[in-house]
Amino acid sequence: ILFLNKKDLFEEKIKKVHLSICFPEYDGPNTFEDAGNYIKTQFLDLNMRKDVKEIYSHMTCATDTQNVKFVFDAVTDVIIK
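Using our numbering, the letters of the sequence shown correspond one by one to residues 1 to 81.
Please note that the accuracy of each hint is not assured.
[Said to hold, decoys possible] With a cut-off of at most 20 Å between alpha-carbon atoms, the simulated SDA-like pairs for lysine to any residue come out as follows:
hint : residue 1 : residue 2
1    : 6         : 64
2    : 50        : 75
3    : 53        : 64
4    : 7         : 69
5    : 40        : 18
6    : 13        : 25
7    : 16        : 38
8    : 6         : 18
9    : 69        : 53
10   : 6         : 39
11   : 6         : 75
12   : 40        : 24
13   : 69        : 4
14   : 6         : 43
15   : 50        : 3
16   : 13        : 45
Calculated directly from the structure, the hints in this document are not laboratory data.
On a predicted model such as this, the values are computed, not experimentally measured, just so you know.
Using the sequences and the accompanying hints, generate a full structural model.
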């Protein structure tokens, strides 16, 4: 399970700084959704066992109680399965 925390800070920062500053190969739109998906994909592509091991990713904000509850419930479902 991959947690990308501080999504609130990332959402504000991405409005001011293009993702290509940190990832020079990135040439997509500089939106929260597109940039966030690109970063997630960078991690997910490292999975050498895609056929047997799925990685679940969540963009989180630890101070957002609704987000934490949603993520906790999703993680609980994955663990129980």
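When the hints from earlier in the document are held up against this structure, which numbers fail? Checked against the structure, the hints that fail are numbers 3, 9, 16, while the rest are satisfied.
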